[in-house]
Structures are given as C-alpha cells and as structure tokens.
Amino acid sequence: MKKLASIVIALSLFLVSVHATTSQGVDLTPSAKAAILIDYETGQILYEKNSSAKLYPASMTKMMSLLLVVEAIHSGKLSWDTEVTASAHASSMGGSQIFLETGEVMTVEDLYKASTVASANDAIVALAEKVGGSEENFAAMMNEKAEQLGLEQTHFVNATGLHDDNHYSCAKDMAAIGRALIQEGQDDILRFTSTYDDYIRADTENKFWLVNTNKLIRTYQGMDGLKTGYTTQSMYCITVTAQREGLRLIGVAMGEPTRDVRNSEASALLDYGFSTYGYQIEMEKGTPVTTIQVDNGKPDEVQLVTKEAIGHIVAKGSQSALVNTEIVLDKKKAPIQAGETVGRIILHFEDGSQIGQDLVAEEAILPLDFIDILLKTWKKVLF
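Letter by letter, the sequence shown follows residues 1 to 383 in the working numbering.
These are computed hints drawn from the structure, not numbers from a lab.
Given the structure is predicted, the values throughout are model-derived calculations rather than measurements.
Using N, Cα and C, we set each Cβ at its ideal position, and we do this for glycine too.
Please note that the accuracy of each hint is not assured.
What the hints assert, rightly or not - With a Cα cut of at most 25 Å, we get these calculated DSS-like pairs of lysine-lysine:
1. Lys298 - Lys331
2. Lys285 - Lys307
3. Lys215 - Lys33
4. Lys332 - Lys285
5. Lys77 - Lys54
6. Lys298 - Lys332
7. Lys316 - Lys285
8. Lys307 - Lys331
9. Lys307 - Lys333
10. Lys285 - Lys331
11. Lys298 - Lys333
12. Lys54 - Lys33
As the list claims (entries may be wrong) - If you anchor each label on the Cβ, the simulated ranges turn out as follows:
13. Thr341 - Lys215: 34 to 42 Å
14. Thr341 - Ala315: 29 to 37 Å
15. His155 - Glu363: 49 to 57 Å
16. Ser75 - Thr341: 18 to 26 Å
17. Asp351 - Glu144: 16 to 24 Å
Take these sequences, add in the hints, and give me the full structure.
Structure (structure tokens):
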C-alpha cells in the first residue's frame, strides 16, 4: 500500500503542470537553471522552469536519505533513541560536518538533527550505514525509493550529495522527494528543519553548535524547511516549504549563482504562490457526513465524520462549484472502534478536480454476542 501511495504521490506531480512563466509572462527565477513550485496537498504544479533538466542536487540529496531514515523509524527498525557508532568511512566525510570520530556513539535523533539543521555529511552517512549496512547499499535503497516514487530523472550514488557525475536529479523530482518526506515525517521532519540553531554533545566538552543552512526560516513568514545544497558543480540549490492560512507550498531552485540570489528567487516562488492562490476549506474536521448500518453490530448504526478538514488550493478570486459527493465504504461489519477509518468521502468539482478525506466512526460498535443474535432472531420470528 505504501509503495502504491508513493507512486500516486509522484504521478500527481506529472499530471498537472503549467508553463515556465506565470500568467503574466514573468520569469520568477531568472538566474536559476531550473525551478518549480507545487501545492503540497495535491502535488499540482503552479510554476515550472526547466523542471525536468538533469542537474546536480548537492545536499538536497539528503532529503531522500532522511526519508529512508524516518521510514526505518516508523517501521520499528530504528527509534530516535537508537545509538549509532560512527565508522571510519562516516568520520572521513568532507564538506559540512560535525567532526564525528571513528567509534563515537550518537543517537539517531542527534545525527538526524545534525543532518537536517547543519547538513552534516558525516552524520547522514552514519545513519545511512545504520539503515543500509553500508553507504553503497543505502544508495541502492535510495534509487529503489526513487523508482517507487516514479522519478525518472534521478540517480543517487551516495547519501550526501557530494559530487559524482552519475549522481543527478531535477527540480521536479526534488519537489516530489520533499513532498514525500513531509508526508512520511510530518511534525518529526518539520521540527528539525524549522530549527535555526541547536546543540549536540550538549553535556560534553565537545559541545557542538548547529546553525541552519537555510537562513530563510528566520526571515520568510511561514517557512519551516526544507534543505539547501551547494557544490562547485551544482552551484546554489534549495528546496523550500512554507505554510500560510492552511496552504502549504514547496519550491525548488537549482543552479543559482550565489546564496543571496538563491534565497531571493526561492522567496519569489513562494510569494507568487501565496499571492495567487489560497486554501479553501470545504468541510471542517469532525463534520458529520453520513450514518451507515453496521452488520451484526450493537448498536446497528454509526455516524461517520471527517477524519481531518477537507480543503484544496484555489486561485484567488475564482471558485469551482461542487458537482457531487461520493462516499466509498471499506467496512460495514462489527466490531468498529471509535475513530476507526471505515471509508472515504470524495468531492468532485466543476473543473474536473477532486479532493478526498477519510471517514471515521464517531463511536465504537460492538459485535453481537450469542444472546443478542438469539433475541434478534426471535424478534424476526415473532414480529
């Protein structure tokens, strides 16, 4: 199911696109080699420029590495408290680092923090080796995940993004990876990527100060991630995400000449998105939708409510009328737990778009016991 969901996530990025300029014909990122802006919720492309061009992603690569690590945590293979021993290979990494010593032990959480906040190459390689056994095996896992996500312009050689001619991606694929990372990690990811500074080894003589490589989280309203990148070959790159009034956007700029230009053009992407589009709530969380009969249940019916709010991106000043509502039920037989997902509601709009949300049971439904079944049978016979 997770693999299928990953494919659907990626496909949505390819199904909806616009030209490389805005409706006013403005190039939002004149200095970038490639750029893209998407709606996080649906994957809809709001702006793109050379978004499929093969380029070097530098440390934006770490988004895929971080995705695999958080998947390992959610599967139970790791926990945030798991201790990791740094290998000689991990401690030998150049570039951004926390100067791990061979044999040094650090928790997954501290290594993850160092990887997200300070883009530490040694930290992410230590995590990669813990998950994959070796960085080489981990890179194979990264490529397998890229295939699951439907990414056609991406190939990884390492976990860091340190330059290799055969290590490449594109703006569209980076946006898809960023979206998958947020979806998999949710608050776990954003609590790290939104941290401006923090410490590791805080209680030791080797206390180390981490400072976020993404300075926009301090200056751009609503920004809480995601990942910067730089090598001589890639030039300056960034994947950004911000949320305002329920609308979350993801932007990517690649091949920028300087850090300041990169930050300015990434901000321009988001500015365009937030000024042009808004987030429209159709149903609030917990909205009653329907009541269903439950087979062999006590009581024999239950009200279904929306698990989360249902909303979608809309161009400001325009609306698309709701055409019809579709309800798909996955379960109608007891037992049903309170809050259990038993179906889904899908809203269809005039412009052909659709949005959906899980439906959950408002209360628990117990299965009929022998006496209940006997009484039910007698009632049918007698009445």
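Structure-based check of all given hints:
1. Lys298 - Lys331: At roughly 15 Å apart (the allowed maximum being 25 Å), lysine 331 and lysine 298 satisfy the hint.
2. Lys285 - Lys307: Status holds; Cα separation ~6 Å.
3. Lys215 - Lys33: Since the Cα atoms of lysine 215 and lysine 33 sit roughly 21 Å apart, the hinted pair holds (cutoff 25 Å).
4. Lys332 - Lys285: OK: lysine 332 and lysine 285 at ~22 Å, within 25 Å.
5. Lys77 - Lys54: 33 Å, violated
6. Lys298 - Lys332: 12 Å, holds
7. Lys316 - Lys285: 23 Å, holds
8. Lys307 - Lys331: 15 Å, holds
9. Lys307 - Lys333: Holds, at roughly 19 Å.
10. Lys285 - Lys331: 21 Å, holds
11. Lys298 - Lys333: Roughly 10 Å between the alpha carbons, so the hint for lysine 298 and lysine 333 holds.
12. Lys54 - Lys33: 10 Å, holds
13. Thr341 - Lys215: 34 to 42 Å: 40 Å, holds
14. Thr341 - Ala315: 29 to 37 Å: 31 Å, holds
15. His155 - Glu363: 49 to 57 Å: 51 Å, holds
16. Ser75 - Thr341: 18 to 26 Å: Taking Cβ atoms as reference, serine 75 and threonine 341 lie about 20 Å apart, which means the hint holds.
17. Asp351 - Glu144: 16 to 24 Å: 36 Å, violated
When the structure is compared with the earlier hints, violations turn up for hints 5 and 17 and for no others.
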